[in-house]
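Here are the chains, one letter per residue:
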Amino acid sequence: MFINHFKSKLEFSYFSTEIESSLMRLIDKVSDGIIILDNNWNILYLNQVFEKIFDQKRKDIIGKNLWLLMPQLVGKKLYRESSIVQKNHKKRHFEFYSDVFHKWFNTTISFSKDKLIIYLKDIDKQKKVELETKNYIIFLKSIIEQMPVGVVVVQAPKGNIILKNKELEKIFRTPVKDISRLEEYKTWEGYRVKNNQQYKPNEWPLARSLLRGEIVKGEEIKIIRKDGSVSYVRIRSSPIKNDEGQVVAGVAIDNEVTEIKEIERKKDEFISMASHELKTPVTTIKIFSQILKKSLASSDYKNAPTYVRKMSDQIVKLEKLVNNLLDVSRIQSKDLKLNKRYFSLNKLVKEVGDTIKITDAFHKIIISNIDKIIVYGDKDRIGEVLINLLNNAIKYSPSVPEIRIYIQKINKMAVVNVEDSGIGIEKEHQGKIFQRLYRVYDKKDKTFPGLGVGLFISFEIIRLHKGTLTVESEPGAGSIFTFTLPLIRKNSSHIK
Amino acid sequence: MKVLVVDDDLTILEALKIAMEFNDYQVETISKGEEAVLMAQKLQPNIILLDFLLSGLDGNEVTKKLKDNPLTKNIPIIMLSAHPEAKRIASKIGVDCFLSKPFDLDELFNKINNLIR
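Chains A and B, in that order, are what the protein sequence lines are.
Under our numbering, the first residue of the first sequence carries the number 1, and numbering increases by one thereafter.
Under our numbering, the first residue of the second sequence carries the number 1001, and numbering increases by one thereafter.
Honestly, the hints are just simulated from the structure, not real lab data.
For glycine and all other residues, C-beta sits at the position ideal for the given N, C-alpha and C.
Do not take every clue at face value.
To be verified - So the derived label-pair ranges between C-beta atoms look like this: (1) A/350 - B/1092: 50 to 56 angstroms; (2) B/1046 - A/426: 40 to 46 angstroms; (3) B/1002 - A/468: 29 to 35 angstroms.
Unchecked claim - The list that follows gives simulated cross-link-like pairs (lysine to any residue, SDA-like), each with its CA atoms no further than 25 angstroms apart: (4) A/293 - B/1021; (5) A/286 - A/261; (6) A/261 - B/1028; (7) A/320 - B/1026; (8) B/1067 - B/1084; (9) A/266 - A/106; (10) A/134 - A/171; (11) A/302 - B/1010; (12) A/293 - B/1032; (13) B/1017 - A/452; (14) B/1017 - A/171; (15) A/320 - B/1010; (16) B/1032 - A/398; (17) A/317 - B/1010; (18) A/286 - B/1019; (19) B/1017 - A/278; (20) A/320 - B/1031; (21) B/1017 - A/194; (22) B/1092 - A/272; (23) B/1032 - A/452; (24) A/194 - A/257; (25) A/279 - B/1087; (26) A/293 - B/1092; (27) A/279 - B/1110; (28) A/320 - A/469; (29) A/267 - B/1100; (30) A/226 - A/171; (31) A/279 - A/320; (32) A/286 - B/1011; (33) A/294 - B/1026; (34) A/286 - B/1001.
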C-alpha cells in the first residue's frame, strides 16, 4: 500500500518495478533521514531514520501534515527554512541544533517537482567533538595567556608565529610581530651567559629546534632589548613533530630571570661584605693578641692593659655585627620576638641621647619633648632603633653638629622625629633604604660602611610594633627619620 | 726602616702602627688613597702595606700610580685585604705580595724581610 501510494505521487514510472523497489530499500536503509512533503506539508514519504527521529510508526504518519504532527517544530529553524524553500524553490543547506530532538543536524532542503525533500544528517557526535575541541583550544589559549613565562609556538620552516602570550611581549618589551620569522632574529642582540658569545640568527634556541630538531633544555641568555635595557632569560625550546617525524613547528618557553639574578648578586655581595666586616675586627684582635703575647713573653707589662682594652672594644664590635646578622636571619624566618612592657618613651630617648653624648663630643643632641609618653613595646628594641637613627644622623652629618629629636602625641600615636642637617639622601634611594640588601653606593667612596642592615632591622622592629618608620630628605639639606608607635592606655603605676 | 701603612679602618691602622713600632719600624699611617700616593713619594718608605678597599682611590689604583711613578715604582707593596676578590686582582696589578686578613704578624714580618732584603 505504501509503495503504491508513493509511486503514484512521485511518478517514478520510468523505473522498472525491480529497480524502484531496490532504490526504495536503499533510501530506507541510509543512515541519514529523508522526508518528502507535498505542497501542503503532507508527508509523502519518510525513511526509517525519520521514523526513529519522530518516534512514530511510518504507517501512522504517512499522509499527515508534518507541522500538525509535530507542532513543537512550528516556528523553529527547520520550519522557517522549509517555508523559505517552499516559496523560492531554492535549495538550502545549513547546520542547526534542534532543541526538540536535542541534537545537531546537517540539513539540506530542496524542491523538486512540487515536492519538498528534507535531508537530515545527524552530526551530533562530530559537532560535540568539534565544540569540545574549540573549547579546549580556548582553555589552552587562556592557560597559556595566564602562564608566568613567555610562550611562543612557530611554524616550520620559516618560523611564523602561530601561538604566543603577553608575557613574551613583556619580556622582550616589543610587539611579537617583530620576531615572527627566523630571518628577523638577526635584529636581536643576545649573548650566552655561559661564555658571553653573541647569538647568530640561526643559533637562537627556537631556531635550532626548528632547523635541526634540537631540544634545548634551558639556556641562559642576556638580551639587550631594543630600548637598551638588559634582561636575563632562560629559554627552553623543542621541535613539534608530525606522525612521520618531520618538524612541523617549534615551541619555546622563555622564563625571565633578571630579578633572580639580581637577588643572587645582592646575596653574594652581602656575604662578601659581611665577611669583610667580620674580618676587620678579627684582624685587629689578632694583631693585638700577638703583640700582647710577645710583650708578655718579654715581661713587658706596661702596655698590656691597653692591648686588652683595644681587643675587648673589637670584641664588642664583633658581637654587634653577629647580633645584626642574627637579627636579619630572625626577621627573614619571622622569628624576631618582642619582649613588650610599658615604658616611658621620653625617658628612653633621653637615656639613648646621653649614651651617645659620651662617645661623640662633636654632635649636640637636642631633645624637644612636648609630651610625656608611655608606650607598650620592647624597650631594648626601640632603644636599638633610636641608637641606629642617631648613629646614622651623626655619620651622615660630619660637619653639622646639631641633631634634633622631637617626641609628640599625634592621633593616638607616639611620633618621634630624628632630624639632621647632613648630606641627605637622593630621591631614588629614599624608598629603598629600608629593604634588606639595599645599599647606597657613593661612586667616589667604594668602601663598605658597616653591614648596611641597620635601617632594615629598625624598620622591622617598628613594623612589629604596628608602627611606621619613614624618611623625608633633601640632598644637601639633611634627613628626617620618623617612627610612630600606637598608644595603648595603661595605669601609670606599672611603668618601669 | 720606614714603613707606610694604608688602611681605611682606623683600628687596623692603629694596631699595625703599634705592631710595627714594637718591631722597631718607623711607621707612617694614612687612610686615604690619594694621600698615600703623595706620602709614598715624600717619605720614600722601605715598604708599603696597602689595603684593597679604600675610600677615594682604591688599592688597585694606588698600586698603579705608585708603579707608574719612577720615584715610587721600586718600593715593594704588600696588599692586605679581607675582600675575596682582592687576591686575584692583586696578582694582576703588580703588587709584590698579598696577605689575606686576618693575617699572622710573624708571617707579615717574614714577607717584609724577604722583600726588602
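Structure versus earlier hints, numbers of those that do not hold, lowest first: 3, 5, 6, 7, 9, 10, 12, 13, 14, 21, 26
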